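**Q** Sequence:
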Amino acid sequence: MSKVLKHYLKQHTVSKEWSNFLLALTLEYLEIIIEAEIYENYLTHI
595 MSKVLKHYLK
605 QHTVSKEWSN
615 FLLALTLEYL
625 EIIIEAEIYE
635 NYLTHI
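In terms of the working numbering, the sequence shown opens at residue 595 and continues consecutively.
Check each hint, because a few of them may be wrong.
Okay, the calculated beta carbon distance ranges per label pair [what the hints assert, rightly or not]: (1) Leu603 <-> Ile640: 51 to 59 angstroms; (2) Phe615 <-> Asn635: 25 to 33 angstroms; (3) Ile627 <-> Tyr602: 35 to 43 angstroms; (4) His639 <-> Leu619: 29 to 37 angstroms; (5) Lys597 <-> Leu637: 34 to 42 angstroms; (6) Tyr633 <-> Lys610: 50 to 58 angstroms; (7) Asn635 <-> Tyr602: 47 to 55 angstroms; (8) Glu634 <-> Val608: 54 to 62 angstroms; (9) Leu599 <-> Ile632: 45 to 53 angstroms.
Just so you know, the hints here were simulated from the structure itself, not pulled from any lab data.
Nothing here was measured: the structure is a model prediction, and the numbers come from that model.
All C-beta atoms, glycine included, are put in the ideal place defined by N, C-alpha and C.
Generate coordinates for the entire structure from the input sequences, incorporating the hints supplied.
**A** Written out as structure tokens, the structure is:
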């Protein structure tokens, strides 16, 4: 394999893992927001 190709594959793998990490973070954040909304609604209906 050429150096350029190896380099590209390495970079690609890293960016894929990084994007998965960011996606997981985003989902986690959204979940927290949604739970907070539900909790707030619950408090206002008491």
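**Q** Each hint: holds or not?
**A** Status of the hints after comparison with the structure:
| no. | hint | in the structure |
| --- | --- | --- |
| 1 | Leu603 <-> Ile640: 51 to 59 angstroms | holds, 56 angstroms |
| 2 | Phe615 <-> Asn635: 25 to 33 angstroms | holds, 31 angstroms |
| 3 | Ile627 <-> Tyr602: 35 to 43 angstroms | holds, 37 angstroms |
| 4 | His639 <-> Leu619: 29 to 37 angstroms | holds, 31 angstroms |
| 5 | Lys597 <-> Leu637: 34 to 42 angstroms | violated, 60 angstroms |
| 6 | Tyr633 <-> Lys610: 50 to 58 angstroms | violated, 35 angstroms |
| 7 | Asn635 <-> Tyr602: 47 to 55 angstroms | holds, 49 angstroms |
| 8 | Glu634 <-> Val608: 54 to 62 angstroms | violated, 39 angstroms |
| 9 | Leu599 <-> Ile632: 45 to 53 angstroms | holds, 49 angstroms |
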